[in-house]
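Here is what each chain is made of, one letter per residue.
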Amino acid sequence: MKAAAFAYARATSVVNALELLAMHGDKAKVLSGGQSLMPAMNLRLLSPDILVDIGGLAELRGITVRGDVLVVGALTRHVDLLRSPEIALHARLLRDAVAHVAHPAIRNRGTIGGSLAHADPASELPACVVALDATIVVRGSAGGRRIAATEFFRGIYETALLPDELLVAVEVPVAGQGSTFFFQEYARRHGDYAVVGLAARAVVAAGRFSALRLGFFAVGDRPLLAVAAGKLINATVTPALLAEAATALADELDPHEDQQATAAMRRHLAMVLLRRCVAALLARPELGMGVGK
Amino acid sequence: MNAPVPVSLLVNGEPIDAFVLPRLNLADFLRENLKLTGTHVGCEHGVCGACTVRLDGEIVRSCLMLTVQAQGASVETIEGLSDSGEIADLQAAFRERNALQCGYCTPGMLITAQDLLKHVSVPDRRAIREHLSGNYCRCTGYQAIVDAVEATAKMRAERGV
Ligand SMILES: Cc1cc2nc3c(=O)[nH]c(=O)nc-3n(C[C@H](O)[C@H](O)[C@H](O)COP(=O)(O)OP(=O)(O)OC[C@H]3O[C@@H](n4cnc5c(N)ncnc54)[C@H](O)[C@@H]3O)c2cc1C
Ligand code: FES
Ligand code: FES
Chain Y
1 MKAAAFAYAR
11 ATSVVNALEL
21 LAMHGDKAKV
31 LSGGQSLMPA
41 MNLRLLSPDI
51 LVDIGGLAEL
61 RGITVRGDVL
71 VVGALTRHVD
81 LLRSPEIALH
91 ARLLRDAVAH
101 VAHPAIRNRG
111 TIGGSLAHAD
121 PASELPACVV
131 ALDATIVVRG
141 SAGGRRIAAT
151 EFFRGIYETA
161 LLPDELLVAV
171 EVPVAGQGST
181 FFFQEYARRH
191 GDYAVVGLAA
201 RAVVAAGRFS
211 ALRLGFFAVG
221 DRPLLAVAAG
231 KLINATVTPA
241 LLAEAATALA
251 DELDPHEDQQ
261 ATAAMRRHLA
271 MVLLRRCVAA
281 LLARPELGMG
291 VGK
Chain X
294 MNAPVPVSLL
304 VNGEPIDAFV
314 LPRLNLADFL
324 RENLKLTGTH
334 VGCEHGVCGA
344 CTVRLDGEIV
354 RSCLMLTVQA
364 QGASVETIEG
374 LSDSGEIADL
384 QAAFRERNAL
394 QCGYCTPGML
404 ITAQDLLKHV
414 SVPDRRAIRE
424 HLSGNYCRCT
434 GYQAIVDAVE
444 ATAKMRAERG
454 V
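Protein chains in written order, with our numbering: chain Y, 1 to 293; chain X, 294 to 454.
There may be inaccurate statements among the hints.
[Said to hold, decoys possible] DMTMM-like mimics (lysine to aspartate or glutamate), calculated; alpha carbons at most 20 Å apart, straight line:
1. X/328 x X/382
2. X/447 x X/369
3. X/411 x Y/80
4. Y/2 x X/321
5. Y/2 x X/325
6. Y/29 x Y/49
7. X/411 x X/443
8. Y/29 x Y/19
9. X/447 x X/408
[As the list claims (entries may be wrong)] Interface residues of chain Y toward chain X, partial, derived using beta-carbon atoms under 8 Å:
10. 38
11. 45
12. 48
13. 51
14. 109
15. 191
These aren't lab readings, by the way, just hints derived from the structure by calculation.
Ideal Cβ placement from N, Cα and C applies to all residues, glycine included.
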């Protein structure tokens, strides 16, 4: 199918984009990489009156380090995350995750801002920014706001963004001493949306976690920062403790059922990922064995 | 509202100026306005890869791009890659190995495979499959397609291209 008719405006600056959004309210849609918006419009799930194309705004593109914060512009494309030395050095989780986002031709157009604003619960990058404790930087006609990633996602395709606001950047605390990452997902085929996935950031010292953030995705209506991780912090991780954390995780999840998996299967896979993640981050392969209930 | 918008772009090296409706996607513009029908349209939501073209040197889905978004860009289609001889060896390998049956997916497969071979000189079969994983072949010629891409990579490596 083809998209319904709409008007088109190529924004000339962030200020201009915000004026256009303020003028048209929720009849307007921001067009970034178009890799989620265009399919939705071609399927007539959406038919905005006007698209505000921000694709040419160089001020929204780029990756820079400011002190101990990595600033990633909203228009930074998936392929840029894959290739960026700053990302590899300071936020490797994003690079590891992006390799699982769609396919090369789509990664050449899709942007981090679009992925976060779209807020598909099966999407990789939302879980990553939650695990990384990132801040989402937003601008509206009335000024700017900074929103913690954990507060940004509100439900399926729902975020804290207002219709007249633009997501302009993501601020990620740079990886410090002892920081490690884990990313894994189950998908039917490489590049497909995940059945269940886990993006994690940890700080490991002397064989223990001094910090552990587990961002699960495709297990609910938004990325989930697992509370169960708390059990594993500043403790010697034994098989019994890990089993306890896995049970706590299963209780915390409220996964949906669809053609790909039942809720029980998603719970099970999330527990498997938890074990693999802990075993990998602590470099203790024996912890990854068995799944337990 | 919804009025035609002027757009200027390069298509296979040729400058094109046109007025197009905002909703016209790049795949339809290439096929219908420019009669470059090598770019195929399958799903129109980014899943099948039949519409893959190059935009400023990088592969993209032309069904997920508005023509107006290509303002100032350089687009290369299968016709361009074919006429320049850039992929003559890859095309020959596809023919020799039976990597095309109905040929519907073939333009997208060729452009995507060439993209991989530009970035990685001798990819293994896993890497070939992964790079082509966004392109569907309804005739399920995958094995032969991977064979053809692998053979081309090896031939190019031997020739030192
Ligand atoms: C076949 C296929 C497979 C895919 N597989 C995956 C996958 O496995 N994992 C995954 O995560 N994604 C996947 N995607 C989606 C893809 O990654 C998109 O790049 C991404 O979700 C949207 O980014 P975009 O820049 O293209 O945004 P757009 O499509 O341009 O916009 C998406 C939404 O966000 C809004 N928006 C965009 N930018 C901003 C901004 N700066 N401020 C405010 N609002 C904004 C738009 O108005 C729109 O509502 C897939 C897409 C396709 C076509
Ligand atoms: S027609 Fe564009 S990906 Fe299928
Ligand atoms: S050859 Fe028929 S779709 Fe691939």
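Here is how each hint holds up against the structure:
Restraint check: the Cα-Cα separation between residue 328 of chain X and residue 382 of chain X comes to about 25 Å, which exceeds 20 Å; the hinted pair is violated. Of the supplied pair hints, the one linking residue 447 of chain X and residue 369 of chain X is violated, its CA atoms being roughly 25 Å apart against a limit of 20 Å. Simply put, residue 411 of chain X and residue 80 of chain Y have alpha-carbon atoms about 17 Å apart, close enough for the 20 Å limit, and the pair holds. For the suggested pair residue 2 of chain Y and residue 321 of chain X, the alpha carbons sit about 10 Å apart, so the restraint of at most 20 Å is met.
For a cut-off of 20 Å, the pair hint linking residue 2 of chain Y to residue 325 of chain X stands: about 14 Å separates their Cα positions. For the proposed pair residue 29 of chain Y and residue 49 of chain Y, the alpha carbon gap of about 8 Å is at most 20 Å, so the pair holds. Taken as a hint, the residue 411 of chain X and residue 443 of chain X pair is honoured in the structure, with Cα atoms around 13 Å apart against an allowance of 20 Å. Annotation: proposed proximity of residue 29 of chain Y to residue 19 of chain Y holds, straight-line Cα distance about 13 Å (limit 20 Å).
Only pairs whose Cα atoms come within 20 Å are accepted, and residue 447 of chain X paired with residue 408 of chain X is accepted, the gap being roughly 16 Å. Against a cut-off of 8 Å between C-beta atoms, the interface hint on residue 38 of chain Y holds, since the closest Cβ of chain X lies about 4 Å away. Taking 8 Å as the C-beta contact cut-off toward chain X, the hint placing residue 45 of chain Y at the interface is violated, the least distance being around 10 Å. Contact between residue 48 of chain Y and chain X, as hinted, is not supported at the beta carbon level, the nearest pair being about 11 Å apart and thus beyond 8 Å.
Interface hint at residue 51 of chain Y: satisfied, since its Cβ lies 7 Å from the closest Cβ of chain X, which is below the 8 Å cut-off. Annotation: residue 109 of chain Y was flagged as interfacial toward chain X, and the flag holds, the nearest CB pair being 5 Å apart, inside 8 Å. Restraint check, residue 191 of chain Y versus chain X: the minimum CB separation of about 5 Å is within 8 Å; hint holds.
In this structure, the hints that do not hold are numbers 1, 2, 11, 12, in rising order.
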